[in-house]
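Q: The chain contents come next:
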Amino acid sequence: MSSGHQQFGNVNSFNVLTGTYVNFVTEIDAENRQILQWLSPLEPQKRHQGVRIGRLDGVGNWALETAEFRKWSEEDGCGDPVLFCYGNPGVGKTFLR
Amino acid sequence: MIDSLCDRAGGEGIAVVGLYCDFLSQEQSTINMLGAILKQLVSRGGMPEHIRRAFQKAKKEFGGRGLRLPDLVEILRRTIVSLKRVYICIDALDESVPKHRRELFESLREIVRVSPNTRIFLTGRPHIDDEIVRCFGNAVRIPVSPTEDDIKSYLKKRLDSDTDPYAMDGELRADIMSIVPAKTSGM
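Sequence order for the protein chains is A and B.
For the first sequence, my numbering assigns the number 107 to the last residue and increments by one with no breaks.
For the second sequence, my numbering assigns the number 207 to the last residue and increments by one with no breaks.
It should be emphasised that the hints constitute simulated quantities derived from the structure, not laboratory data.
Check before you lean on any hint, since a few could be wrong.
Claimed, not checked - Where chain B lies over chain A, by a calculated footprint (3+ residues, C-beta under 8 Å): (1) 71-79; (2) 92-98.
To be verified - One-sided and incomplete, this derived list gives chain A residues near chain B with beta-carbon spacing under 7 Å: (3) ALA40; (4) TRP48; (5) LEU49.
Said to hold, decoys possible - Simulated crosslink set (PhoX-like; lysine-lysine; CA at most 25 Å straight-line): (6) LYS77/B to LYS104/B; (7) LYS176/B to LYS203/B; (8) LYS104/B to LYS81/A; (9) LYS177/B to LYS56/A; (10) LYS172/B to LYS203/B.
The C-beta atom is built at its ideal place from N, Cα and C for all residues, glycine as well.
Between the sequences and the hints, there should be enough to build the whole structure, so can you do that?
A: In structure tokens:
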């Protein structure tokens with residue numbers, strides 16, 4: 011009987027601890043959301059989803075094969091840090107994959 | 021571009037972030053744009069303590085004050101330093117307000133100076149080129165124009181999704197597919 015009580019007590023304290031932990035995590039989450047909003051109201055990933063859906067596979071891939079792009083994107087490369095792709099409206103700059 | 025870099029960047033500590041400029045957006049100040057870059061960097065994992073502290077400090081101040089540009093650049097530096105490589109992609113620079121663009125370029129120049137592990141990919145119309153050269157000197161520049169194959173892929177998609185297919189016959193389609201790409205590629 012006494013061992014039963016003991017077990018019950020343990021289960022209870024476990025629940026209390028878990029509850030506190032959940033509250034703590036929820037508070038951190040809420041603060042993280044506030045921090046992200048504080049950093050910027052912009053949400054570029056929404057536009058990115060639209061671009062990804064509208065893109066045609068293969069179109070513009072030649073740009074990724076150029077020596078300029080390869081050199082710029084090399085992980086350990088020490089080339090120039092800025093790459094600028096320019097062109098008139100509608101040539102597909104946004105949709106370069 | 022963002023997706024290609026993401027696919028290639030398999031390794032740990034490589035982050036790819038992106039922005040699209042939009043002349044209709046009222047919120048695209050330099051601070052909001054750089055803030056959006058930072059936001060993407062920290063959304064990947066846990067919130068860095070130095071950002072949490074900066075937020076808690078700002079919250080206590082008058083009106084819960086927002087970030088200032090130099091503070092933001094410093095926070096970006098401290099965040100980028102913990103990563104191996106960061107790619108920042110910004111599309112359609114010509115759609116940003118000229119005043120903001122200049123400030124943005126200056127901030128980006130400062131970021132690559134203090135964080136040499138940053139790579140910046142920019143797109144825009146040709147008239148932005150002068151500003152790029154003035155700000156970044158010898159930046160790598162690639163002119164973009166669709167190849168014949170690019171145009172064929174695009175035409176095929178548009179013809180296949182035509183809502184009025186009865187107006188089309190095989191001969192017209194063949195003409196479109198041969199003449200349009202030849203006349204428009206490299207324009």
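Q: Output the indices of the hints that this structure fails to meet, ascending.
A: 3 and 6
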